[in-house]
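A.B. asks: So you can see what is in the structure, the chains are spelled out below.
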Amino acid sequence: MRRLRRWYGAGPLHLVLMAASFAIAAYAGIRLLEGGDTYLVVLWFVGAALLHDLVLLPLYTLADRAVTGALGRRRGLVNFVRVPALLSGLLLLMWWPLITRHSHRYEPAAGMSPDRFLGNWLLITAALFTLSALWLVVRTVRSRRRVTKGRPSASH
Amino acid sequence: MDDSRLKTPARLAAPQLPSTPAFWRSPVRGVRFTALLGVVLLAGITLLFVTGLLSYAAYNPDLAAVNDKTPDKGLLGFYLFAWPTGPHWLYRLTQGLHVTVGIVLVPVLLAKLWSVVPKLFVMPPARSVAQALERVSLLLLVGGVLFEFVTGLLNIQLEYLFPGSFYPLHFYGAWVFVAGFVAHVGLKLPRTLRVLRHGIPPAADELATPDPAPPTLSRRGALTVVGAGSLLLLVTSAGRSFDGPLRRVALLTPRGGAEPGEGPNGFQINKTAAKAGIVPADTRERWRLTLAGPAGEVRLTRAQLLAMPQHSAALPIACVEGWSTSDQWWRGVRLRDLAALAGHADGRAPDVLVESLQPSGPFRTVALRGNQVADPRSLLAFGVNGEELSLDHGYPARIVVPAAPGVMNTKWVARMTFGGVR
Numbered sequence: 000m001r002r003l004r005r006w007y008g009a010g011p012l013h014l015v016l017m018a019a020s021f022a023i024a025a026y027a028g029i030r031l032l033e034g035g036d037t038y039l040v041v042l043w044f045v046g047a048a049l050l051h052d053l054v055l056l057p058l059y060t061l062a063d064r065a066v067t068g069a070l071g072r073r074r075g076l077v078n079f080v081r082v083p084a085l086l087s088g089l090l091l092l093m094w095w096p097l098i099t100r101h102s103h104r105y106e107p108a109a110g111m112s113p114d115r116f117l118g119n120w121l122l123i124t125a126a127l128f129t130l131s132a133l134w135l136v137v138r139t140v141r142s143r144r145r146v147t148k149g150r151p152s153a154s155h
Numbered sequence: 000m001d002d003s004r005l006k007t008p009a010r011l012a013a014p015q016l017p018s019t020p021a022f023w024r025s026p027v028r029g030v031r032f033t034a035l036l037g038v039v040l041l042a043g044i045t046l047l048f049v050t051g052l053l054s055y056a057a058y059n060p061d062l063a064a065v066n067d068k069t070p071d072k073g074l075l076g077f078y079l080f081a082w083p084t085g086p087h088w089l090y091r092l093t094q095g096l097h098v099t100v101g102i103v104l105v106p107v108l109l110a111k112l113w114s115v116v117p118k119l120f121v122m123p124p125a126r127s128v129a130q131a132l133e134r135v136s137l138l139l140l141v142g143g144v145l146f147e148f149v150t151g152l153l154n155i156q157l158e159y160l161f162p163g164s165f166y167p168l169h170f171y172g173a174w175v176f177v178a179g180f181v182a183h184v185g186l187k188l189p190r191t192l193r194v195l196r197h198g199i200p201p202a203a204d205e206l207a208t209p210d211p212a213p214p215t216l217s218r219r220g221a222l223t224v225v226g227a228g229s230l231l232l233l234v235t236s237a238g239r240s241f242d243g244p245l246r247r248v249a250l251l252t253p254r255g256g257a258e259p260g261e262g263p264n265g266f267q268i269n270k271t272a273a274k275a276g277i278v279p280a281d282t283r284e285r286w287r288l289t290l291a292g293p294a295g296e297v298r299l300t301r302a303q304l305l306a307m308p309q310h311s312a313a314l315p316i317a318c319v320e321g322w323s324t325s326d327q328w329w330r331g332v333r334l335r336d337l338a339a340l341a342g343h344a345d346g347r348a349p350d351v352l353v354e355s356l357q358p359s360g361p362f363r364t365v366a367l368r369g370n371q372v373a374d375p376r377s378l379l380a381f382g383v384n385g386e387e388l389s390l391d392h393g394y395p396a397r398i399v400v401p402a403a404p405g406v407m408n409t410k411w412v413a414r415m416t417f418g419g420v421r
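Protein chains in written order, with numbering that gives the first Met the number 0: chain Y, 0 to 155; chain W, 0 to 421.
Wrong hints could be hidden among the right ones.
Stated by the list, open to error - Listed below are several chain W residues computed to face chain Y (Cβ distance under 8 Å; list not exhaustive):
#1 Ser18
#2 Pro20
#3 Val105
#4 Val149
#5 Leu153
#6 Glu158
#7 Pro162
#8 Gly179
#9 Gly256
#10 Pro259
#11 Thr271
#12 Asp391
Claimed, not checked - Here are the in silico distance ranges between beta carbons for each label pair:
#13 Y:Val137 - W:Ala81: 56 to 66 Å
#14 W:Gly385 - Y:Thr129: 18 to 28 Å
#15 Y:Arg4 - W:Leu192: 22 to 32 Å
#16 W:Pro279 - Y:Arg100: 26 to 36 Å
#17 Y:Ala62 - W:Asn384: 46 to 56 Å
#18 W:Pro201 - Y:Leu53: 28 to 38 Å
#19 Y:Asp36 - W:Arg283: 21 to 31 Å
#20 Y:Leu121 - W:Leu16: 31 to 41 Å
#21 Y:Ala62 - W:Val278: 46 to 56 Å
#22 Y:Arg100 - W:Val38: 34 to 44 Å
#23 W:Arg283 - Y:Leu133: 56 to 66 Å
Think of the hints as simulated: they come from the structure by calculation, not from any bench.
Glycine is no exception: its CB is placed at the ideal position from the N, C-alpha and C atoms.
All chains, full assembly: derive it from the sequences and hints.
C.D. replies: Structure, rendered in structure tokens:
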């Protein structure tokens with residue numbers, strides 16, 4: 000047993016779990032590859048992970064750094080831009096085919112126009128930024144009040 | 000940039016590569032943060048997998064070749080069972096949960112992947128055989144989960160970009176993913192629970208950065224943002240499982256918003272007659288329903304069918320895409336009465352093969368099981384909500400079966416063959 004640990008790098012339970020996992024994955028994987036264009040299925044499966052880790056994640060990280068950097072000394076305000084932008088971007092990413100009217104099948108199948116999605120997304124985005132701005136105003140007013148009447152009220 | 004930070008040892012070793020821990024500077028990352036997202040995903044993805052398996056069973060793929068989009072499933076169909084007809088909202092619930100919970104989990108999933116991304120670049124990639132295997136298994140996990148979420152989200156938007164038919168890709172893809180998921184949970188759950196119960200000393204936290212950037216958001220704040228994302232998605236999509244005002248709230252999801260029409264036939268349409276290639280003339284005077292069975296073939300006009308005993312059933316339409324309608328009030332002939340007319344008069348309901356007028360499509364022909372034919376609420380409907388069926392809802396006649404997926408409720412029915420389904 001100790002020899003296994005030294006050679007393998009983990010306990011026998013780890014090995015059993017890995018073996019079981021790969022057996023199931025292989026059994027289903029063969030069928031997955033035959034379930035479509037084999038080359039493209041592999042491309043989609045591996046590509047999804049690579050696209051996320053090497054493109055999407057660096058892109059939104061860089062965008063976040065750019066906004067934080069642009070704010071300079073007022074970087075504490077970044078969340079008032081970051082949060083609505085993140086939520087709006089998430090919606091755009093998830094419903095891209097409908098928002099961009101790229102989904103040609105939607106209207107003929109559902110009997111409903113996809114035109115409203117772009118407008119709704121813009122409205123939701125506007126609402127998110129408005130909420131964020133209101134929040135900022137409320138916070139600013141509150142902190143100013145605290146500054147102006149902080150001492151007298153504390154002495155009561 | 001603050002000069003004092005440039006003098007820290009980590010900064011001096013320029014240039015920074017993703018493989019050095021100090022490259023990753025967000026103070027939000029940490030094992031406890033990842034563990035919290037992990038347990039949410041454990042619960043959520045387990046629900047997605049179970050409801051997904053149920054949806055697969057709901058098509059009764061083991062009943063007939065026409066129902067089976069994955070004929071080479073082998074052992075993966077081990078659990079299949081005769082899909083029940085009650086409660087009549089069963090599929091509406093399970094598939095509504097499958098799709099809506101899937102949508103709502105997207106921010107949690109993205110946050111979880113963000114929280115562990117430094118591990119992707121750790122050098123060397125593996126220090127032992129065990130670690131090398133674990134890395135391969137992580138490709139199944141991450142590739143698998145993204146593959147499943149992307150194919151699912153594209154399918155509900157009717158954007159069939161994926162390289163094959165949705166059913167085999169999403170079904171087999173789920174099993175490949177789950178293989179990686181089970182291994183991951185098996186390896187990580189003990190530590191996850193320990194960290195959540197007792198916390199973690201900073202020195203043992205391999206996800207926390209050694210060189211944190213000045214904080215702009217607390218960990219609690221980051222979790223709140225993730226929660227806000229999920230809440231936003233829930234509010235803008237859950238209404239697609241209901242009629243009327245609730246659907247109007249679903250602003251950004253397929254089948255959300257206003258209904259496609261007005262009046263008794265105004266509810267959601269699975270697929271319009273035009274899209275299905277229905278020629279309106281074929282549905283009028285020249286339309287006949289062919290019943291086949293032990294008694295031979297019978298051809299019936301709509302008037303003859305309307306002269307048979309008519310029954311009512313309040314049933315929803317629930318689509319694999321996750322949307323559904325509230326109960327609609329259908330009126331028509333019981334399937335079991337039609338079975339008797341076709342020669343199955345002994346009271347034992349047979350399976351039935353239902354064919355539509357639509358010229359093509361993966362569900363032009365479907366098979367229903369005996370228990371579905373036997374249910375008194377299973378109808379060949381001619382009217383809905385007190386009015387004749389509209390062409391888009393299947394005029395002159397459509398099937399409605401309690402708890403069956405939308406596409407199993409064949410529209411524009413042309414022929415029904417009772418018994419001998421394979």
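A.B. asks: Could you run down the list of hints and mark each one as holding or not?
C.D. replies: Against the structure, the hints come out as follows:
The interface hint given for serine 18 of chain W is violated, since its Cβ lies 14 Å from the closest Cβ of chain Y, which is over the 8 Å cut-off. Given hint, proline 20 of chain W at the interface with chain Y, is violated; its Cβ is 16 Å from that chain's nearest Cβ, farther than 8 Å. Hint on valine 105 of chain W holds. Least Cβ distance to chain Y is approximately 6 Å, under the 8 Å limit. Among the interface hints, the one on valine 149 of chain W holds; its C-beta lies about 6 Å from the nearest C-beta in chain Y, closer than the 8 Å criterion.
Because the beta carbon of leucine 153 of chain W sits about 7 Å from the nearest beta carbon in chain Y, less than 8 Å, this interface hint is met. Hint status for glutamate 158 of chain W relative to chain Y: holds, with the closest Cβ pair at about 4 Å, below 8 Å. For proline 162 of chain W, the shortest C-beta to C-beta distance to chain Y is roughly 3 Å, which falls under 8 Å, so the interface hint holds. At about 6 Å, the closest approach between the beta carbon of glycine 179 of chain W and any beta carbon in chain Y falls short of 8 Å, and the interface hint on this residue holds.
Annotation: interface hint on glycine 256 of chain W holds; nearest CB of chain Y at approximately 6 Å, less than 8 Å. Restraint check, proline 259 of chain W versus chain Y: the minimum CB separation of about 4 Å is within 8 Å; hint holds. Because the closest C-beta pair between threonine 271 of chain W and chain Y is about 5 Å apart, less than 8 Å, the hint holds. A distance limit of 8 Å between C-beta atoms decides the matter here; for aspartate 391 of chain W the minimum to chain Y is near 6 Å, and the interface restraint holds.
Here the CB-CB span from valine 137 of chain Y to alanine 81 of chain W is close to 58 Å, well matched to the stated 56 to 66 Å. Between glycine 385 of chain W and threonine 129 of chain Y the Cβ separation comes to about 44 Å, which falls outside the hinted range of 18 to 28 Å. Arginine 4 of chain Y and leucine 192 of chain W have their C-beta atoms about 24 Å apart, which keeps the hinted 22 to 32 Å range intact. Checking the proposed 26 to 36 Å range against proline 279 of chain W and arginine 100 of chain Y shows it holds: the Cβ atoms sit about 28 Å from each other.
A hinted range of 46 to 56 Å holds for the C-beta pair alanine 62 of chain Y and asparagine 384 of chain W, which are about 50 Å apart. Checked against the given bound of 28 to 38 Å, the beta carbons of proline 201 of chain W and leucine 53 of chain Y, roughly 29 Å apart, stay inside it. One distance hint, 21 to 31 Å for the beta-carbon pair aspartate 36 of chain Y and arginine 283 of chain W, is violated here, with the actual separation near 42 Å. Distance hint check for leucine 121 of chain Y and leucine 16 of chain W: the Cβ-Cβ separation is about 40 Å, which falls inside the suggested range of 31 to 41 Å.
For the hinted restraint 46 to 56 Å between alanine 62 of chain Y and valine 278 of chain W, the CB-CB distance of approximately 52 Å keeps it satisfied. Look at arginine 100 of chain Y against valine 38 of chain W: about 39 Å separates their beta carbons, and that is inside 34 to 44 Å. Range check, arginine 283 of chain W to leucine 133 of chain Y: Cβ separation about 59 Å, and the 56 to 66 Å hint holds.
Checked against the numbered hints given earlier, this structure breaks hints 1, 2, 14, 19; the rest are met.
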